[in-house]
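Visitor: Next come the chains, spelled out residue by residue.
Protein chains: 2
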Amino acid sequence: MTIIKTIEKLKQTIRQTKGSIGFVPTMGALHEGHISLIKKARLENDVVVVSIFINPTQFLAGEDLDKYPKKQEADEKICEFSGVDILFTPNINTMYSQDEVLIKAPILKSYTLEGQRRPEHFDGVLRIVLKLFNLVQPTNAYFGKKDAQQLSLIKQMVDDLFLDVNIIECEIIRQKDGLALSSRNVYLDNKQRQLALNISLSLRIASDMVAKHNMDCEKIIEAMKKVMDSLDIEYIAIVDRKFEKLDFCELKNTIILVAVKIDKIRLIDNIWI
Amino acid sequence: MTIIKTIEKLKQTIRQTKGSIGFVPTMGALHEGHISLIKKARLENDVVVVSIFINPTQFLAGEDLDKYPKKQEADEKICEFSGVDILFTPNINTMYSQDEVLIKAPILKSYTLEGQRRPEHFDGVLRIVLKLFNLVQPTNAYFGKKDAQQLSLIKQMVDDLFLDVNIIECEIIRQKDGLALSSRNVYLDNKQRQLALNISLSLRIASDMVAKHNMDCEKIIEAMKKVMDSLDIEYIAIVDRKFEKLDFCELKNTIILVAVKIDKIRLIDNIWI
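Which chain is which? The protein sequence lines are H and S, in order. Per this note's numbering, the very first residue in the first sequence carries number 1; after that it's consecutive. Per this note's numbering, the very first residue in the second sequence carries number 1; after that it's consecutive.
Just chain H, with the same shape it has in the complex (with noise of 0.2 Å):
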C-alpha cells in the first residue's frame, strides 16, 4: 500500500494506474462499515483507493470538528489489510485555498432533513467529493445508505455536472443489536448506546408493518414515535429513492429515515425498502 499525502504525488501515481479504479472516500475512524465498502471495491476493481480526510467545510460552526474521532494508526493498518493499493491522506491546505470555486447542493433537496438541521453541510460535502473524484478518477465511487440524503445528492450532482463515475451503493452493516455502524458511536457511553437501540428497532417496526402490507405512512410514523419515546427525535421521514416525500410506502422506491439527539450526540439511521 502506497501512502500520498500531495496532490502532485497522487496525480502522477493516477496517471501511471491501469485498470478500473475503485473508490472509497471517508473521514477515518474506519469501522466494519468503511472496511465493506473497501472489500466492495476491492473485488470489483483493480485498484482501490481510499482516502482520510476529514472535511472541515462540511461541519458546521458548533459541530464536532475538532473532537471527531482520528485513529491514524489503526485507520492504516485497516486499509493494509483490507487490500487498499493507494491511500490518500491530504492535510487541509492541500484540498483547499482563499476564495475558491464553491459548489452550492441543489437548493430543494439540500435544505431538508439533515440540510434542515445542518445548512451548507451538503455543500461542503459535495465540494470536498468533487475535488476528490477529479484527483482520483475512479471507475466507481462506493458509499453507504447509512448517509442516504448524502448518497442521493452525490448520485445527483454526477448526473447534473456529467461526471463520469459509477456511484456504487452499499448496505448499512449494523452490531448484532441493529445499531447502525458510525464513527461517533465511540461518543456514546453505555446507557446512552441502549437508548440508541431503539432507534434501529423502530426501522425494523417500520418494515414489518410494510411487510404486511400497511404503507401508510402516517401510520408508519406514529408507531416509530412510540418505539422511540425516550428519544430526542429530530425527524422521522418517509421518501422515494429521490427523496421526494411519500404519502404511501412504495415497493423498492421507500426510505424510511431517522434522526435522534441523544444528549449532544446525533444518531441518524434509515431503511431501504
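Hints in this document: simulated from the structure, not taken from any laboratory. The reader is advised that the hints may include incorrect statements.
As the list claims (entries may be wrong) - Below, simulated PhoX-like cross-link-like pairs (lysine-lysine); rule was C-alpha separation at most 25 Å, straight line:
1) H/K11 with S/K18
2) H/K155 with H/K71
3) S/K261 with S/K70
4) H/K18 with S/K252
5) H/K155 with S/K5
6) H/K18 with S/K146
7) H/K245 with H/K225
8) H/K5 with S/K155
9) H/K70 with H/K9
10) S/K226 with H/K155
11) H/K11 with S/K252
12) S/K145 with H/K9
13) H/K104 with S/K146
14) S/K225 with H/K155
15) S/K104 with H/K104
16) H/K155 with S/K9
17) S/K146 with S/K225
18) S/K191 with H/K11
19) S/K9 with S/K145
Following the hints, put chain S in place on chain H, whose structure we already have.
Guide: Structure of chain S alone, referenced to chain H:
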C-alpha cells in the same frame, strides 16, 4: 465532421476517442477569433471538439440572450472547413435540469469588473464550462484572452477543483483597424463602429506608455480616458495576471482592461503586457 446533439452520443463518441482531445467551447456566431482557437487546437491535438451552446445561465435578466446572434449553418461550415472532428450542439434541456447542483465563482474575484456589472454571470460561465469539460474530457481547452476575467476564473476553477485539463490562452484577434473581434460587433452600425475604435486605440496608447517606462497606472488610465472621452466608459482597470489591482504595471504580469457601452452595446477589450 460528426455533429452530435445528445449527451449519450457524445459520451459514447468520447469513450471511443484515442489520443489527445482539443476543445473549443463557443456560443456560436463564429468569427476569426474562434477560428484561430480551432486552428490552434487542430495543430496541437489528435481530435478537435467544438461546442456551440448559447448558455442561458451566464446571461442576466435584460441582457441579449434572445437576440444573441445565431448562425447555425455558417457555424457548421466554418467548423467543417477548420478541421473540427466533433461538433457538439446540445439544446438547453440537454444541458440543464431543475434544482441542480450549482457552481459559485470565487466571491472576491467574480464580483469585480465584469462581475460587478453582471453579477452571477461567472457562476453561469463556470457551471457550463465545468459540465462541458466533464463531458468532453479534453486534454487541452482553448480560450481567448479577450474575455480575460473569464479566462482567469476558468483557470482558477481548474486549480481549485483539480480538473485534469490544460487551459490554453489564445491571443485576441483584431480587425485591421484594431477592433477586437466579438460576436456582438454585428450590433454596431457604422457610426458606433467608428466610436468603438477608440477602445483599442486607448489600449495601444497605454501599451506605448509602458514601452516608454511610464508604469504609473493612474497616469495610464488618465491617458486612456482622454482617448475615450466620447464613450460611456464602464471601467478601465489595470490588474496582474491573477486579477489583483496594480498601482504600477509589471512587465509580463499586467492586463489592462476596458469595458464601454456604445448606446446599449457593451464592448470589452484588453491588452496583456
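Visitor: Failing hints, ascending?
Guide: Hints 2, 4, 6, 10, 11, 12, 13, 14, 18 and 19 are the ones this structure does not satisfy, whereas the remaining hints hold.
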